[in-house]
Amino acid sequence: MQGRVDTPSSHAYIGRVLVRLNGEPREVPAGWSLARLIEDLGLAQARLAVERNREIVPKAERALTALCEGDVIEVVTFVGGG
Amino acid sequence: MSERFAEAVPEAEMLTLAGRSFRSRLLVGTGKYPDFPTMRQAIEASGAEIVTVAVRRLDLKATGDRSLLHWLPQGSTLLPNTAGCQTADEAIRTCRLARELGMSDLVKLEVIGDPRTLFPDTAELLAAAKTLVKEGFVVLPYTTDDPVVAKRLEDVGCAAIMPLGAPIGSGLGLQNRVNLEILLETVKVPVLVDAGVGTASDCAVAMELGCAGVLLNSAIAGAREPVRMARAMRLAVEAGRDAFLAGRMPRRLHASASSPPVGLVA
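Chains as they are written, first to last, in my numbering: chain A, 1 to 82; chain B, 1 to 266.
You may find that some hints are simply not true.
Claimed, not checked - The calculated lysine to aspartate or glutamate pairs, modelled on EDC-like cross-linking and capped at a C-alpha distance of 16 Å, are:
| hint | chain 1 | residue 1 | chain 2 | residue 2 |
| --- | --- | --- | --- | --- |
| 1 | B | K130 | B | E90 |
| 2 | B | K188 | B | D155 |
| 3 | B | K130 | B | E100 |
| 4 | B | K151 | B | D105 |
| 5 | B | K134 | B | D89 |
| 6 | B | K130 | B | D155 |
| 7 | B | K188 | B | E154 |
| 8 | B | K130 | B | D89 |
| 9 | B | K61 | A | E55 |
| 10 | B | K61 | A | D40 |
| 11 | A | K59 | B | E100 |
| 12 | B | K134 | B | E154 |
| 13 | B | K61 | A | E39 |
| 14 | B | K130 | B | D105 |
| 15 | B | K61 | A | E24 |
Hints are computed from structural coordinates only; laboratory data are not their basis.
Let's have the full structure, built from the sequences with the hints guiding it.
This is the structure in structure tokens:
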């Protein structure tokens, strides 16, 4: 995850895209889907809701949703509240 | 004991919200607890079937800790809130996320108009309620004790009205008895006092006025013994409801002896 756009790995160079995840910038390999990102976060089994650019992405559509440069992703869950 | 209380709630006496029936008229929050085990015990002791939850960004750095949902009693009905939202748009967005998360249409709608008092912005609230009802949500709005606003919320299709009794988290008890009484006369949907309860007697007063239920959080979570207070709240809601149904005696300015005035020993 430390790879930078201008520092190709020893293998074939793969592009990366910069997204905003819960308010923080995050680089991901180009071509990753939303489902792949969530899996990478260790949250494949977690109960959560996901927004991409303010639109909810239902669970079934996460694998079909490619991440694009500048995407704003929000991952939310239930917490204690009154 | 618990069986005796269960008997005291016949079918016709259940709380009905948009066609769903609940035995308990006490709704409780899940915030401000020192830990999840205490929260769970308190919810169980309260007998509440509906529990409120908030929608927040997932903490991506947190590890291991099991989520809130694992600690809720089996069969709890989740009531996601829109706490912290300050505009209709934010609240609507939060409700949509909550529906995606909870797979249910029930929402506690709150739109805050002032950060110091946490009083609702009723114009934004009404706008949000309108949209959400159209989108199929069962909307339970946290609102002021204003009967005119309550009627408007009912007219746009809210399933209940949830007026405050005092500011959120203040524990001041019902400061607006008269307004609540007028509000109760004004709308037909269930009225639940939401916010302001500090101790058990506040629940009893709300129920004696004819409220359909009480929603509280801080009064249990902030008690020295939350689990004991949760039980007290359950009993107070039940006592207040029974007192309301029983119909209190008329108030009199002067005394009326309970024992016969004649036959005293000379």
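A quick look at each hint next to the structure:
{"no.": "1", "hint": "K130(B) / E90(B)", "in the structure": "14 Å, holds"}
{"no.": "2", "hint": "K188(B) / D155(B)", "in the structure": "10 Å, holds"}
{"no.": "3", "hint": "K130(B) / E100(B)", "in the structure": "20 Å, violated"}
{"no.": "4", "hint": "K151(B) / D105(B)", "in the structure": "22 Å, violated"}
{"no.": "5", "hint": "K134(B) / D89(B)", "in the structure": "14 Å, holds"}
{"no.": "6", "hint": "K130(B) / D155(B)", "in the structure": "9 Å, holds"}
{"no.": "7", "hint": "K188(B) / E154(B)", "in the structure": "8 Å, holds"}
{"no.": "8", "hint": "K130(B) / D89(B)", "in the structure": "12 Å, holds"}
{"no.": "9", "hint": "K61(B) / E55(A)", "in the structure": "24 Å, violated"}
{"no.": "10", "hint": "K61(B) / D40(A)", "in the structure": "13 Å, holds"}
{"no.": "11", "hint": "K59(A) / E100(B)", "in the structure": "9 Å, holds"}
{"no.": "12", "hint": "K134(B) / E154(B)", "in the structure": "14 Å, holds"}
{"no.": "13", "hint": "K61(B) / E39(A)", "in the structure": "15 Å, holds"}
{"no.": "14", "hint": "K130(B) / D105(B)", "in the structure": "14 Å, holds"}
{"no.": "15", "hint": "K61(B) / E24(A)", "in the structure": "12 Å, holds"}
Of the numbered hints given earlier, the model fails hints 3, 4, 9; all others are met.
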